[in-house]
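Asker: Here is how the chains run, residue by residue.
There are 4 protein chains.
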Amino acid sequence: MAHVVADKAKILARVNRIKGQLEAFSKAVDSGQDCYQVLQLLASCRGAMNGLMSEVVENHIREHIVEAENKKAASESGEDLIEIMRSFLK
Amino acid sequence: MAHVVADKAKILARVNRIKGQLEAFSKAVDSGQDCYQVLQLLASCRGAMNGLMSEVVENHIREHIVEAENKKAASESGEDLIEIMRSFLK
Amino acid sequence: MAHVVADKAKILARVNRIKGQLEAFSKAVDSGQDCYQVLQLLASCRGAMNGLMSEVVENHIREHIVEAENKKAASESGEDLIEIMRSFLK
Amino acid sequence: MAHVVADKAKILARVNRIKGQLEAFSKAVDSGQDCYQVLQLLASCRGAMNGLMSEVVENHIREHIVEAENKKAASESGEDLIEIMRSFLK
Chain G
2 MAHVVADKAK ILARVNRIKG QLEAFSKAVD SGQDCYQVLQ LLASCRGAMN
52 GLMSEVVENH IREHIVEAEN KKAASESGED LIEIMRSFLK
Chain F
2 MAHVVADKAK ILARVNRIKG QLEAFSKAVD SGQDCYQVLQ LLASCRGAMN
52 GLMSEVVENH IREHIVEAEN KKAASESGED LIEIMRSFLK
Chain L
2 MAHVVADKAK ILARVNRIKG QLEAFSKAVD SGQDCYQVLQ LLASCRGAMN
52 GLMSEVVENH IREHIVEAEN KKAASESGED LIEIMRSFLK
Chain H
2 MAHVVADKAK ILARVNRIKG QLEAFSKAVD SGQDCYQVLQ LLASCRGAMN
52 GLMSEVVENH IREHIVEAEN KKAASESGED LIEIMRSFLK
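Sequence lines, in order, name chains G, F, L and H. When we follow this note's numbering, the leftmost residue of the first sequence carries the number 2, and every step to the right adds one. When we follow this note's numbering, the leftmost residue of the second sequence carries the number 2, and every step to the right adds one. When we follow this note's numbering, the leftmost residue of the third sequence carries the number 2, and every step to the right adds one. When we follow this note's numbering, the leftmost residue of the fourth sequence carries the number 2, and every step to the right adds one.
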């Protein structure tokens with residue numbers, strides 16, 4: 002499971018940014034800001050979440066499938082990815 | 002801007018749930034959990050973010066376009082929605 | 002239902018372009034072209050389909066919700082849109 | 002490039018179904034059918050396109066990355082997939 006640990010700092014930094022964006026969204030909702038700003042803030046939260054997903058998936062492809070120790074490990078990681086990707090491609 | 006304020010409690014509760022899910026994801030990454038769990042946790046964060054987006058957009062349609070005070074307000078809110086939706090439909 | 006009829010030519014032209022792109026994809030698969038090209042062709046078909054969806058939804062917002070004859074018609078068209086949008090935001 | 006050729010019949014059958022669905026959509030637009038039906042038909046075309054994309058990507062993971070002849074081929078196919086997936090996760 003080296004890949005996740007290896008990118009830990011980068012991934013956790015992304016998570017903190019998303020939390021900050023969610024915080025800004027909550028404040029905008031709470032303070033009754035104009036709906037267009039609220040929608041814009043939420044769209045950027047969603048974009049950041051997709052960016053995080055993209056990074057974790059890319060690491061998984063490179064480190065757990067391409068660099069897998071053996072064919073069995075590569076196949077298992079491949080099936081893990083296929084299952085997750087089905088949630089993107091409905 | 003009544004619609005966002007009206008659903009404020011529900012929307013802010015959803016945000017807190019997403020923050021909780023992101024927290025669980027961070028812990029899994031930090032503790033080097035198996036990659037499949039990490040991917041699953043992140044996919045559920047992404048699903049929850051889409052759910053939040055769906056709710057805010059639905060409120061916007063009902064309260065700011067259908068129930069708009071006049072045609073001008075409805076048109077402005079309609080264009081706001083069109084701009085946000087383009088980010089979903091790339 | 003004026004909006005769809007009004008944009009008919011533009012929408013049908015988009016559909017024909019997508020069909021052409023699907024045709025190019027089929028030929029690439031049939032002739033055993035390199036997988037990267039096949040993936041690229043399909044990604045562009047998917048982008049074109051999203052573009053068509055975006056255009057039809059935009060027309061629906063402008064002509065069937067914002068310009069609806071009355072509140073009842075606007076509300077019905079609004080609920081139609083909400084149902085369709087849920088399929089994007091899973 | 003065996004994977005694409007191997008599933009050729011299945012993939013080409015999916016393409017033909019999508020073309021049929023696009024044809025039904027065109028007829029609905031042309032005949033001025035109710036907008037809700039038109040939106041529903043298009044949403045199913047989009048779902049079918051995502052299904053096709055999902056199948057081609059799954060084949061690519063299994064046959065071109067997991068079953069690659071060597072590490073270099075696996076890495077190249079992995080990078081191909083990463084590029085395509087970025088278009089899903091914007």
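Calculated directly from the structure, the hints in this document are not laboratory data. Please note that a few of the clues may not be correct.
No copy labels: a pair is met if it fits in one copy or bridges any two.
[What the hints assert, rightly or not] Capping the alpha-carbon separation at 20 angstroms, the derived lysine to aspartate or glutamate pairs in EDC-like fashion look like this:
hint	residue 1	residue 2
1	Lys11	Asp81
2	Lys9	Glu56
3	Lys72	Glu59
4	Lys28	Glu70
5	Lys20	Asp81
6	Lys73	Asp8
7	Lys9	Asp31
8	Lys20	Glu70
9	Lys20	Asp31
10	Lys9	Glu77
11	Lys28	Asp8
Remember, predicted model here, so these are calculated numbers, not experimental data.
Asker: Any hints this thing doesn't respect? Which numbers, in order?
Answerer: 1, 4, 5, 6, 8, 10
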